[in-house]
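Q: Sequence:
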Amino acid sequence: MKLSNEVDVALDPDRIFALLQDVERIAPCLPGARLEGRDGENWVGSAKVKVGPIAVAYKGSASFVSVDPVNRHAVLTGVETELTGSGGAEATVDVRVVPHGAGSRIIIDTELSIRGKVAQFGLRILGDVSQNLIQQFATNLAQIESPTATT
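Sequential numbering from 31 applies to the sequence shown in the working numbering.
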């Protein structure tokens, strides 16, 4: 299943792209996500997601496959396993940051393979949930970079 999301952020494209690579700093910006550390090149963590009436908790890892700072393009892969079921997910996430107006547009294309309880929901519902999470993530991301934010 392919999910495509776009979100605008009122920050410089180069700054946003650099920030997107700072996993420890941005992980708390993604609702339901918790970074637990590293295992070699992999970032290890957990996530809770609510899709329709179902709430699912996952544990897994993600890593950067490629990072191109000149073109502000990165590809990540991730593997997650349900904590209380036999489901799971694998994803390849293609992220591009482009100038847009006075700020940036983050374009995220995800190739997602999902099993378990959440798989019963179609592309439309999963796409809506994905866009909501990305929008919340972008809002949180902009707040950590705002001039009044404290880190």
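One should not assume that every hint holds.
Unchecked claim - Label pairs and their computed distance ranges (CB to CB):
{"id": "1", "residue 1": "107", "residue 2": "153", "range": "15 to 25 Å"}
{"id": "2", "residue 1": "76", "residue 2": "151", "range": "14 to 24 Å"}
{"id": "3", "residue 1": "57", "residue 2": "111", "range": "24 to 34 Å"}
{"id": "4", "residue 1": "64", "residue 2": "162", "range": "32 to 42 Å"}
{"id": "5", "residue 1": "84", "residue 2": "141", "range": "33 to 43 Å"}
{"id": "6", "residue 1": "87", "residue 2": "44", "range": "15 to 25 Å"}
As the list claims (entries may be wrong) - Straight line, CA to CA, 25 Å or less: simulated SDA-like cross-link-like pairs of lysine to any residue:
{"id": "7", "residue 1": "89", "residue 2": "159"}
{"id": "8", "residue 1": "80", "residue 2": "144"}
{"id": "9", "residue 1": "80", "residue 2": "103"}
Hints were generated in silico from the structure; no laboratory data involved. For each residue, glycine too, the CB sits at the ideal point set by N, CA and C.
Q: Each hint needs a verdict: does it hold in this structure or not?
A: Evaluated hints:
1. Here the CB-CB span from residue 107 to residue 153 is close to 21 Å, well matched to the stated 15 to 25 Å.
2. In this structure, residue 76 and residue 151 meet the distance hint of 14 to 24 Å, their C-beta atoms being roughly 21 Å apart.
3. Our hint of 24 to 34 Å for residue 57 and residue 111 is violated, since their Cβ atoms are close to 18 Å apart.
4. Range check, residue 64 to residue 162: Cβ separation about 19 Å, and the 32 to 42 Å hint is violated.
5. The hinted range of 33 to 43 Å is not satisfied by residue 84 and residue 141, whose Cβ atoms lie roughly 22 Å apart.
6. The beta-carbon spacing between residue 87 and residue 44, approximately 35 Å, falls outside the hinted interval of 15 to 25 Å.
7. With a CA separation close to 19 Å, the supplied pair residue 89 and residue 159 stays within the 25 Å bound.
8. Of the supplied pair hints, the one linking residue 80 and residue 144 holds, its CA atoms being roughly 14 Å apart against a limit of 25 Å.
9. Only pairs whose Cα atoms come within 25 Å are accepted, and residue 80 paired with residue 103 is rejected, the gap being roughly 29 Å.
Violated hints, listed in ascending order, are 3, 4, 5, 6 and 9; each of the other numbered hints is respected by the structure.
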